[in-house]
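**Q** Protein chains in written order, with the numbering used here: chain A, 1 to 181; chain B, 1 to 295.
Among these hints, one or two may not hold up.
What the hints assert, rightly or not - 25 Å max Cα-Cα, derived SDA-like pairs, lysine to any residue:
#1 A:14 to B:59
#2 A:120 to B:83
#3 A:120 to A:92
#4 A:120 to B:162
The hints are simulated quantities; they were obtained by calculation from the structure and are not laboratory data.
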Amino acid sequence: MSPRATLSLTVNGKRRRVSVPPMKRLLDVLREECSLTGTKEGCGEGECGACTVLIDGRTVNSCLVPAVQAAGATILTVEGLARGARLTALQEAFVGMGGSQCGICTPGILLAAHELLRRKRGRVPSDPEVREALAGNLCRCTGYQRIVDAVQAAARPGPRGVKRPAAMARHRPSARAREHR
Amino acid sequence: MRAALSTLTVARPRDLAHALRLMGGGGGAGRPTPLAGGTDLLVYLNAGTHTGRGFIDLWGLRELRGVRTTRRGMTLGALTTFSEIREHAALARRFPALAAAAAEVGGRQIQNRATVAGNIANASPAGDSLPALMALDAIVHVRSVRGSHAVPFGALYRGYRDLALAADELITAVEIPFAPPRSVQFFRKVGTRRAQSISKVVMAGVLRVGRDGCVDHVRLAWGSVAPVTLLSGRAEEALLGAKPSRMAAALARDALMDDIAPIDDIRSDREYRLAVAGNVLEQSLRAADPRFARS
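Chain B extracted, bound-state conformation (with noise of 0.2 Å):
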């Protein structure tokens, strides 16, 4: 049942310090809901799934907002919207990953409300930017009255929607180190249909062939094959340290067989999702480098 909208409350804190002690004061069922570009949350509010009877609007916190280049790599504002990504020129050309990502994220107008934060704290298996954020090993920043610290992507999720953050903990950036010079990036979401679907399988890649000629840099990560985002360990290791060849494709499909975990469900079933994730590999293996397709 629909929630009644008219008795919800929210708090609009002045600035991240006090966004921080609204998250830190009352416990429990007390505590109010982060609210940022609202795409997620309002359509739990609308479905009567999100319980919670008070919000804290951070959209106008310009503390969370801006993207930052340092040596190392890029820092996302926690507010950084998809429009957003897609537009800088910097970001596109360094993130070509994310930048796909951010292009498949609904249609235009979720990507010009939806924030890079609100999709990692959702926490969705299928939420599109998390396989690019995790190929690219990026690292949340968290805050809390008590303080600060960095979480790497990859311990990010404990399970099936659920975020390794405290209840009083705001994502405030996201920070993305430049992927190794000369790796190539690549993005494929499969849907039901090319616009506004949620994915059957999602994956994002980091490979580069080293001067040797063998693997020498590799990241898959993918999404709605398991009940986290997760990177295929098995089918990095089967790569890592192998020359591009229709075989070595074929030996990393195998692997990845073993790496995900797919399950029937309202938008696609296990052995659909099983075979398309062995496609996407070979074909991203492929479109990176075309001795992927030779034997």
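Just chain A, with the same shape it has in the complex (with noise of 0.2 Å):
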């Protein structure tokens, strides 16, 4: 007989119940239980980041936290962040500006920037405190300047004052990316 706990908890703004085993990781209740598998599995043991999602605001590895420890929280996942076919101005700028590539590391990478844009409520984030707050995301395609543009560029403000990523019909690269052409 394997133990459960019945916990609830909201997940993109949807309160769930789930009945699991109390270490089951969050990964797999969000995979499972909840069906959202845009949340992905990469190295199971918290040195890649692509299993990120939020926490009551902040980003974790999910496949390191157990399910009993996600019980009454708040958690933000890739599905929750564009609304309905609209596109986050971060999703928007990744999207145009070549920040995915195979898409493996993205949602992480997507979900820790927009923990950093939230941090820096409308301030644009220097490259260093960019590649800082994706330290803990791992991706082997895209060689990352991409990323920096692309999460740079849905800090900027757009036209009548709504964030959008202006470079992406005009995409100039950052001076370090000009230098690798």
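If you follow the hints, you should be able to join the two separate chains into one complex; please do so.
**A** Here it is, written out as structure tokens:
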């Protein structure tokens, strides 16, 4: 007989009750009980950040959080960023600027960047700030520069005061990216 | 092999007293393992290297949270996370070596969960906050149903991953006395890459050059260069009372080679660690006081 715990948690604004083994990984609860498969498993040991979600506004590796510690918590996964078909400025910037390639790291990186932009409250984070905030997320495709560019672009105010990745249409690569051409 | 997570049990104590009763009940193999941020324990469970079947989830215990300032220093609740340490302005001002260590423990995701007492209890010689706590003469507060006591950081580790605590004891807080006025703190971690790496060499120090121009307070604590986090007593002795100079730094470096005993392992080798520890010491001394660069 395996032990079970009945927990309620709020995932992407929706209240959920799940009955799971208490030490089941939050990653697996999200993917299996909540059918939210946007959250990916990479290393399963807290090194790669692919499974990053927000608990009460802070990033965690969901492969290292036991289900019991998510009881009563508010969780944001990549599925909770967009409003229906309307992507966030951050997501638009990733799409428009090549911030995503194979895509496995993208959900985790979006959430880590989301936390950073909220912490910056409208200020454009510097290159080192973005890299520091994303230090816990590994990407093996992009070389990171386009990710950094996209995060900064998403923080720049666009026309009519709406935050938009203005650089999307006329993407000017950073000095560093140009060097690599 | 990965542990069957579905068979593990978790007790969720209402308060600290309840947690201590749970820690005290049922000795031997039945004793549950305290669980804080989980950033080490879940890795061991996923890898199959932790064999305990029962856990006590401490995460919800408010008595183990919060940072208090007293006249003599600051006291961190056991569950203070590395993010909280980074973001606490007074902590960062008073204990820059600890704040610097907190910023280099894993990535943000780890810092948001990993706790100061968890890093201590995990007892890895590579734990990044441990040299900072040791150099700052931290005191670890411990409780059980039998009572409470305080353990100076220097007496905490008896050997490799061997913590000087009884099986029923919980770390409740870490007290850090203010460093001497006008002292300088430093922290340096050397890993394979800047972020998300486990240390090859990690050190923290506190140094003060007195009004007479001689070193009158020095602590140099090291990780990943011995079975336990340790103070380099011979290097400290070489510096204490000395006037800062290139020669004094070189003598301290020579003395350090007898303090530390690094090994070859998956992350680095003995020769590299000896060389890097010596470099880190001389660089840190020069950064703390430029006279260490002059002859």
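**Q** State for each hint whether it applies.
**A** Hint by hint, here is what the structure shows:
no. : hint           : result
1   : A:14 to B:59   : holds, 24 Å
2   : A:120 to B:83  : holds, 16 Å
3   : A:120 to A:92  : holds, 19 Å
4   : A:120 to B:162 : violated, 42 Å
Hint compliance for this structure: hint 4 alone is broken.
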